[in-house]
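K.L.:
All chains should be modelled from the sequences, with the hints used to inform the complete structure.
So the protein sequences, as listed, match chains C and E. Note that our numbering numbers the first sequence so that position 232 is 232, with each residue one more than the last. Note that our numbering numbers the second sequence so that position 190 is 190, with each residue one more than the last.
You can take every hint at face value.
Cut-off 20 Å, straight-line C-alpha distance, at most; resulting in silico cross-link-like pairs (SDA-like, lysine to any residue):
no. : chain 1 : residue 1 : chain 2 : residue 2
1   : C       : 205       : E       : 71
2   : C       : 201       : E       : 142
3   : C       : 201       : E       : 88
Keep in mind the hints are simulated off the structure, nothing from the lab.
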Amino acid sequence: MHDRLTQSMRASHLLALLFVLASLGLAAIGAVTGDTFYLRLGTEALIFAGLALSVDLLLGYSGALSLGQALYFGIGAYVSALTLMKVPSFWLAMAAAFAASLLAAIIGGLIANRVRGVYFALITFGLAQVFAKVVYNTRELGASDGMIGIPVIEIGFGPFSVSAGSPVGFFLVVLSIIMGLYALTAYLLDTPFGRVLTALKANEKRVPFLGYSVWRARMAAYVLAGLIAGLSGALYPMLRGFVSPELMFFATSGNAVISVILGGVGTLIGAIYGSVLLVILKSIIGSWTEHHLIVIGALFMVCVMFLPKGLIGFVRPRIEALLMRRPQAGPALAEPARLTPAALKSGSAS
Amino acid sequence: MTPVLDIRDLGIAFGGLKAVDQVSFQAQRHRITTVIGPNGAGKSTLFNLISGALRPHRGQVMIDGVDMTGAAPERTKAAGLSRSFQITSLFPDLTVAENLRLAAQVLEPAGRAFLPIRRSQRAMAKTDQMLERFQLVHKRDELAGNLSHGDQRRLEIAVCLASEPKILLLDEPTQGMSHGDTADTAKLVRSLTQDVTVLLIEHDIGLVMSLSDHVVVMHQGRKLAEGAPDIVRADPAVQAAYFGHH
Chain C
1 MHDRLTQSMR
11 ASHLLALLFV
21 LASLGLAAIG
31 AVTGDTFYLR
41 LGTEALIFAG
51 LALSVDLLLG
61 YSGALSLGQA
71 LYFGIGAYVS
81 ALTLMKVPSF
91 WLAMAAAFAA
101 SLLAAIIGGL
111 IANRVRGVYF
121 ALITFGLAQV
131 FAKVVYNTRE
141 LGASDGMIGI
151 PVIEIGFGPF
161 SVSAGSPVGF
171 FLVVLSIIMG
181 LYALTAYLLD
191 TPFGRVLTAL
201 KANEKRVPFL
211 GYSVWRARMA
221 AYVLAGLIAG
231 LSGALYPMLR
241 GFVSPELMFF
251 ATSGNAVISV
261 ILGGVGTLIG
271 AIYGSVLLVI
281 LKSIIGSWTE
291 HHLIVIGALF
301 MVCVMFLPKG
311 LIGFVRPRIE
321 ALLMRRPQAG
331 PALAEPARLT
341 PAALKSGSAS
Chain E
1 MTPVLDIRDL
11 GIAFGGLKAV
21 DQVSFQAQRH
31 RITTVIGPNG
41 AGKSTLFNLI
51 SGALRPHRGQ
61 VMIDGVDMTG
71 AAPERTKAAG
81 LSRSFQITSL
91 FPDLTVAENL
101 RLAAQVLEPA
111 GRAFLPIRRS
121 QRAMAKTDQM
131 LERFQLVHKR
141 DELAGNLSHG
151 DQRRLEIAVC
161 LASEPKILLL
171 DEPTQGMSHG
181 DTADTAKLVR
191 SLTQDVTVLL
201 IEHDIGLVMS
211 LSDHVVVMHQ
221 GRKLAEGAPD
231 IVRADPAVQA
241 AYFGHH
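P.N.:
Structure, rendered in structure tokens:
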């Protein structure tokens with residue numbers, strides 16, 4: 001059967017492949033020219049792309065707008081930073097961030113999933129702000145200054161190791177983790193489990209009468225999104241060597257939502273493109289004027305008005321159409337055949 | 001033999017209004033039991049109480065001998081009860097086949113939940129079977145939201161049936177249908193009793209009389225009468241309360 005989500009995901013995967021190839025190409029150029037600045041900026045864009053990915057899972061698939069996804073990003077970042085300062089191990093830091101964001105997302109989910117719609121957006125916003133303020137005022141966590149002095153770590157992959165201090169090396173590590181998270185999310189959405197999550201967006205009221213618990217499905221989506229945000233956040237202190245409460249503030253959550261809308265809600269890969277686009281825009285426009293947020297705000301409005309499905313939302317259907325055309329044996333033959341009475345009667349032509 | 005659905009003294013009040021009050025009846029296996037009554041008699045509320053959309057204030061709902069009173073909809077569904085809605089409730093952004101497969105997914109063993117969906121062969125087979133049976137094969141890849149009203153109503157029933165329930169609650173399946181479609185739907189509902197027990201809400205009296213094995217008449221939240229269609233029709237109280245309006 002034609003499964004539209006499977007099909008559109010195929011188009012997303014092609015765009016993901018394109019993204020990886022472009023990233024590898026740029027990374028190679030960066031390595032050859034000995035660039036540091038742009039590789040680090042690109043790595044940061046990828047880290048925030050992970051946060052945007054988690055927002056799109058909630059908004060684009062299960063239909064819940066979270067305005068506080070930075071909470072889990074920040075928790076991942078802080079827990080990773082704290083772990084690294086005790087034991088400079090990449091895997092331990094990732095495991096600790098995983099556990100912490102899992103726990104936090106379960107607690108946050110229990111609170112936020114009591115409501116939906118606008119109230120869900122407000123509660124997620126409030127949760128993140130409250131927690132960020134607590135961190136902001138906790139001296140043990142560096143209070144408003146955040147924490148600095150996180151050691152540069154060696155990331156071991158069996159016999160190989162990459163230094164987080166190597167711009168191109170760490171870029172590649174982050175690229176593979178973020179694309180891994182993308183692949184995992186895309187895989188899960190294409191399972192029966194994932195289809196129940198997407199059913200929430202389509203018609204939540206009907207879901208329990210098909211035999212699925214809405215609460216469980218919403219919790220699953222929320223916790224999964226929290227984990228993705230947390231794991232992405234865990235990479236941040238490895239890149240920048242510090243964490244600050246700003247990582248949990250609304251600006252961070254809001255940027256992720258803007259990235260998703262720029263890239264295309266419900267396209268998954270659009271979150272990643274959107275995030276990179278936002279970072280590029282910020283740094284280019286920021287080099288012209290201090291008031292770059294005004295320009296970005298205006299661009300965002302233009303995008304919402306004239307490209308409401310976002311960049312990938314606009315491009316992807318065209319790629320889908322291309323992908324659809326190829327496997328069928330000659331459209332020139334199939335078209336007239338469909339018009340014969342026999343084909344109409346048999347019904348299941350095409 | 002225990003009745004497949006046993007409603008005992010069911011009641012709920014909204015504020016001071018007793019929307020459903022002391023309603024008891026049984027639905028026998030592979031029969032069509034129809035609930036009739038004027039607007040506001042409490043028929044849809046009764047369905048909401050049985051399917052778990054509302055929690056009753058008193059009484060019991062027994063499904064196949066198991067007490068499912070006040071259980072959440074997903075639990076009554078798991079107990080074998082499936083329901084349709086008076087106002088079509090489909091997944092408009094999904095195709096016809098995807099709507100059916102989503103419902104049929106519950107037939108898959110739990111371990112399949114995290115395997116790619118194309119591996120859910122039982123759900124796929126059930127989807128094909130439903131498309132065939134409800135004459136929706138040629139519409140399989142159309143968005144449910146783009147179907148005609150009649151097709152949507154049929155898909156609504158097919159979605160309910162795709163999960164292989166024991167009991168099917170149909171809330172006005174012919175609502176808004178043309179004459180021809182209504183007759184087709186009646187035939188369809190009759191054919192369903194091979195597999196399921198049907199509990200029906202229906203307004204078309206001709207249809208009720210020809211289709212039902214058992215009729216329950218409701219009036220102002222209470223059960224006014226029940227019995228075989230012709231006996232119920234002859235009941236003077238029923239005539240005064242219900243048929244008198246027509």
